[in-house]
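Undergrad: Sequence:
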Amino acid sequence: MTRVLVIGAGGVFGSRLCEGLLRHGFEVVAAGRDAGRADAVAARLKSAFPGAVVEAAALDTATVTPADLLATRATLIADAAGPFQGAEPSTARAAIAAGLHYVDLADGRDFVAAFPALDAAARAAGVAALTGCSSTPALSNAVLDRLTAGWREVVSVEAAISPGARAPRGLSVMQAILSWLGRPVRVFAGGQWTTRPGWSGLYRRDFGRAGRRRVSLCETPDLDLFPARFRPRERALFLAGLEPWPAHAGACILGRLVSLLRFDPVPLSGLLIRLSGWAAPLGSDRGAMRVEACGVDEDGRAVRAVWRLVAEPGEGPVTPSLPALAAIRAIAAGKVAPGARPCVGELTLEAIVAEMAPHGLATETFVERGALYARAIGPAFDGLPVAIRALHETPGGSLWRGEASTGGAAGPLAALVARIVGFPDQQSACLAEVAIDADGTRSTWRRRIGGHAFSSVLSRPREAGRVEERFGPVAMDLRLTPEGDRLVYRVEGWRLGPILLPRVLAPSTVAHEEVDAEGRFVFDVEISLPLIGRLVRYRGWLVREA
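Each residue of the sequence shown is one higher than the one before, starting from 52 at the first, in the working numbering.
Please note: incorrect hints may appear among the correct ones.
[What the hints assert, rightly or not] Label-pair ranges, simulated between beta-carbon atoms: (1) 401 / 349: 18 to 28 Å; (2) 482 / 171: 52 to 62 Å; (3) 486 / 463: 43 to 53 Å; (4) 508 / 532: 16 to 26 Å; (5) 433 / 558: 53 to 63 Å.
These are calculated hints, taken from the structure and not from any lab test.
The model shown is predicted, which means the values in this text are computed figures rather than measured ones.
Think of the CB as a built atom: it goes at the ideal place given N, C-alpha and C, for glycine as much as any other residue.
Can you make the complete structure from the sequences, with help from the hints?
TA: As structure tokens, then:
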């Protein structure tokens, strides 16, 4: 039976990895810098797994040598002793030099990026060395491999992690977070590489049974691996959040201070661990992970796919150890080729999920049409002309240009309202441009017609063709109805913020879309208000810019 040396066996993730290995019948050497602590960890594991082979060893990753590793009689080394940010792969080098297989739970972006430099040595030694065998990048990439299989195009990918409020936060984990918090993080967004401060942005994401939570930009190896492996056209993000909400807000404030004052927050690790412990009773103890991809499927349709994991209280910290456990089992079975590389494309999602069985972890996947109109209208959407479907089903950002004519407001009061919204005045012929940004849950339309700019946000697709269109604080409930080769819009209600307004005073819309003899998308929209009359009418055609 394979003997595995687990360095950092007394840590949050290393202890879970040891338990998983013993459950599968591996022999374990529990190692750490402190001999007394290593002995205590080994004793606890022996008590929990009677009859298992468990030994202890004192090892320091800063000084470990090939001889030290060989002395443990292990055939595989598992490094769970972070933080890996800014660290050298000294343990991996020693393992390769000793002719031993190696895995680690590294989530350090620089560490994982530099790891392939060991590939030639690992191949020469005939050993497999895998880095990043954790929630990121191993699990996140395995999920995306499954979600995007067969797709024609990937537009955006995103992963997010939100640990439970009472999840243990070890010193190395806190130091890892603080090493990049508030500092410039290189990220692929808007179709290009840029930099943003770590822990910036405040996004709300639905984690299923774990609820909606706030998350912010997190630096992990996936910020490099997602763009390299999936080639998204527009965006690749990794987000993380803290429970409860005040803890996350505190991290955002600290990140902002680091950006402004440029100080090193790592020495605050111990204090912040204590503060997070005091705040823990205020938050949910469920841990969660979420991975999402948007793109174009094998049938040429916009698609949005989401995978979610929810961990019951106390079970969340086991998740990062499971990809390492799956990788060790694959290496022991001779299924991993020699060489040194990140653990992406090495494990199937099914292999990692299989390790979740003994724990309170539940996963779910849902795939849906990636276009609001397609989800709202249903099967009838596919019967509309190609030009109409293309405009409403192009995922991500797209630009449409053409020509329009406009009719101005019916009177002075209507003209005032039109000017506030940004509607164009009367013009017989003018340029028309619509920039659409669609992410599968909402579509932002930025229109420029006759030199006048106005925008709206479409969201909340529901059955029977119902969607919401918001112009600033005013939202209109629309019903979309295919009528032959046309798509007709009707207003069914309106609101000012959350306040439902009288329907008798609602704006009226006479609007439809169709296709002209040249196959171009054609629009004809008239918007009026009771008592004051027409605000605007604009009609014309659009084609997509390359």
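Undergrad: Each hint should be assessed against the structure and marked as holding or not.
TA: Tested hints:
One distance hint, 18 to 28 Å for the beta-carbon pair residue 401 and residue 349, holds here, with the actual separation near 21 Å. Distance hint check for residue 482 and residue 171: the Cβ-Cβ separation is about 58 Å, which falls inside the suggested range of 52 to 62 Å. Distance hint check for residue 486 and residue 463: the Cβ-Cβ separation is about 31 Å, which falls outside the suggested range of 43 to 53 Å. Taken as a hint, the range 16 to 26 Å holds for the pair residue 508 and residue 532, whose Cβ atoms sit roughly 21 Å apart.
For the pair residue 433 and residue 558, the beta carbons lie near 30 Å from each other, so the given range of 53 to 63 Å is not met.
Checked against the numbered hints listed earlier, the structure breaks hints 3 and 5; every other hint is satisfied.
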